[in-house]
Amino acid sequence: MEARLAHHFRAIETQRHAERLGMWLFLATEVLLFAGLFCGYTLYRYLYPETFKLASAHLDVFLGTVNTVVLISSSLTVALAHHFAHRDRSRMAGVLLFVSVLAGLAFLGVKAVEYTHKFEEGLLPGRYFHAEGLTAPGASMFFTVYFLTTGLHAFHVVVGMGVLVWIGVRAWRGEFHANHSMPVELGGLYWHLVDLVWIFLYPLLYLV
Amino acid sequence: MSTAPVPASFVPGPEDPAPGPPHYLKDGTTVRSWLLTVDHKRIAILYLVSVLVGLFLGGMFAMALRLELLTPGPTIMDALTYNRMFTLHGVTMIFLFMIPAIPAVFGNFFLPIMLGAKDVAFPKLNLLSWYVYVIGGALALWGMVHGGADTGWTFYTPYSTTTPTKVLPILLGASIIGFSSILTGLNFIVSIHTLRAPGLTWTRMPLFLWSLYGTSIIQILATPVLTLVLLLVATEAAFGFGLFDPARGGDPVMFQHLFWFYSHPAVYIMVLPAMGVISETISTFSRKNIFGYRMVAFSSLGIAFVGFFTWGHHLFVSGQSTFDAGAFGILSMFVGVFTAIKVFNWVATLYKGAISFKTPFAYICGFLYFLVFGGMTGVAVATVSLDVHWHDTYFVVAHFHFIMVGAVMMAFLAGLHYWFPKMFGKTYHEGWGLVAASLIVLGFNATFIPQFLLGNAGMPRRYYAYHESFQALNVASTAGATLLLFGFVIIAIYLVLAFRFGGPAGPNPWGSRGFEWVTASPPITENFDGEVEVTGTPYDYQEDQPSVRVTPEAE
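The listed protein sequences correspond, in order, to chains C and H.
Here my numbering runs 3 ahead of the position in the first sequence, where the first position is 1.
Here my numbering runs 1158 ahead of the position in the second sequence, where the first position is 1.
Worth flagging that the hints you see were computed from the coordinates, not collected in a lab.
C-beta: ideal position from N, C-alpha, C; glycine also.
Hints are supplied without guarantee of correctness; some may be wrong.
Among the chain C residues that face chain H by a calculated CB cut under 8 Å, a handful are [to be verified]:
#	residue
1	T17
2	L28
3	C42
4	R130
A partial selection of chain H residues facing chain C, derived with a Cβ cut-off under 7 Å [unchecked claim]:
#	residue
5	A1275
6	T1352
7	L1379
8	F1399
Could you put together the complete structure from these sequences and hints?
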């Protein structure tokens, strides 16, 4: 199957340029979406620097690190998938995309374990917050920010996995080749962004 | 009701005799052909219908408010209903009408035509944006019917997270509508980058497109922050994490920062396209090249840029530091500089032009007056020492209504009257057009000038009851609003009649040099019946014809 030239574009190169530009602009909106939460983080960290340090110690650095490695590896497999799709090896690309989806699943699994621990320790923020030994005023705020940022990020992981499954199935059917690999490229870009957000979240939440 | 008598034989419609592809309104007439269309012109019409519903609702809420304020005490509703009314008025007017009004209606319709293209870059995304808008709007309306919210359209925390009224669906609705705005902006930027016809360089682009480009940048970069902050408030209202609750270590002012980071640039989402409409029409109706093309074009980007650094002027009395307040005040005044560049260039365009005083031109005059007056009071409220006196009074209400309702509404009506013949292929009654325009300009003045005086005298905004000494001016304001309502009713009547019975408009009734006027009225689905090549600017009145060549396709 060839990449189809839509009737309103003059050349396939222009159409590709448009598709890439559209994706990058969309990624810009995603960055701004998370930027609001990062502002919130900055503000409350500035207001409660000591408490943030104490509260951060309640996070499991080991699990966080595992998740970081898992996500970065999945970005590698997505990049490789694009590499193979572009070199007429659509099936290989499909396999790599499914590996990335599995990595996404693993990430969510680890996240679920972490969340369960937090629930049990009573670290759910707001009126549910009843952690012993963490009574400083900003503690609940740390976990508010923690759950909001990682929650929004996890939502993006789920959406990204959906996108990768969709493209992976098409790749497995042999749809992509040197002249038609745009969906893999764009889906990959989205996954890289999801990854990139985590690369900022990980040090800010786990390593402070 | 049209200027030319309509012959009885005219029933089949203003089709040209040569058999060609049907125009976009005739290309499929089923409901399905409308609801699944990817034609940018039909999507524009879908948007037009929806934003007019928004305008109608918002207008009704406004009339209810004005009636209530006729007397100092209770008049027709209780205090809670009043609070809900002004919230609904703000939410509908801003999210359902004002933000999509010019970009999603006239932008969708004319951006591809002005580019010499067949459609926007992503037609399906374009349709999706309308559905997202409708879903968000429906959710918000559902919330309004089932109790409404009493927070004001600004949803200030911590009140908005604790009010017992139905604030949740309205918050979610507004944030969903945000996505539709993002999709439109994204589509426009990509279209302008990739779909310009051969010969259409950046500096030959119609100024309306420059202003839409600036608008789209704001839509893309600012709207996600609104989405986020409204979702945060919704989370707060649902779970009570305490993010904005000072009692639990939260900071309510963070909400104001994030909210105004979107909502101040959002004013430029409304006013920049309006300025674009004026640039197009003012050249046509003075039959003269636009003065200072580059300055007008770049000042659009200037406003879009500096608009991102002005949000703090909403927080002058929210405990912001004196230095921040001063800095935001001065940055805000830069908007005035860029706006003034435009105004001077427009006035210079009029100078020694062959002015034809048609209905759109009446609205241009209204626009210039409201923009200058509203803009000057804007510089005044950007001055910290003055704003402390005027903050949260009717002075501010009058100021932003002069810009957002006065200027933007004038431009919307100018565009509607200017492009109506192109969009529907019919002419409307010029005389009634001028009558309605005069009523509306008069009505706006009568409504909002008293509010400037009320605010200066100290009447706070959003108050249900007021001191008896304010009554005379409030009655004047309500009387003005009634005039305004009459103006809109007249417009609705003659435009509906024109749509049904109007005479054929012909491709270029105004003798404009704009690129959109070389197409048929109404345009065919593919816009042009051939390849488009642009040979000059869209404002060259030395030429007899618009500087566009359409070569019929060889195949």
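Consistency of the hints with the structure:
Taken as an interface hint, C:T17 checks out: its beta carbon lies about 5 Å from the nearest beta carbon of chain H, inside 8 Å. The beta carbon of C:L28 is positioned within 8 Å of a beta carbon in chain H (closest approach about 5 Å), and the interface hint is therefore held. Given the 8 Å rule on beta carbons, the hint for C:C42 holds: about 7 Å separates it from the nearest Cβ of chain H. Hint on C:R130 holds. Least Cβ distance to chain H is approximately 5 Å, under the 8 Å limit.
Evaluation of the H:A1275 hint against chain C yields a held restraint, the C-beta minimum of about 6 Å falling below 7 Å. Hint status for H:T1352: holds, given a least beta-carbon distance of 4 Å to chain C, under 7 Å. Contact between H:L1379 and chain C, as hinted, is supported at the beta carbon level, the nearest pair being about 6 Å apart and thus within 7 Å. The beta carbon of H:F1399 comes within 4 Å of a beta carbon in chain C, closer than 7 Å, and the hint placing it at the interface holds.
In summary, this structure violates none of the numbered hints.
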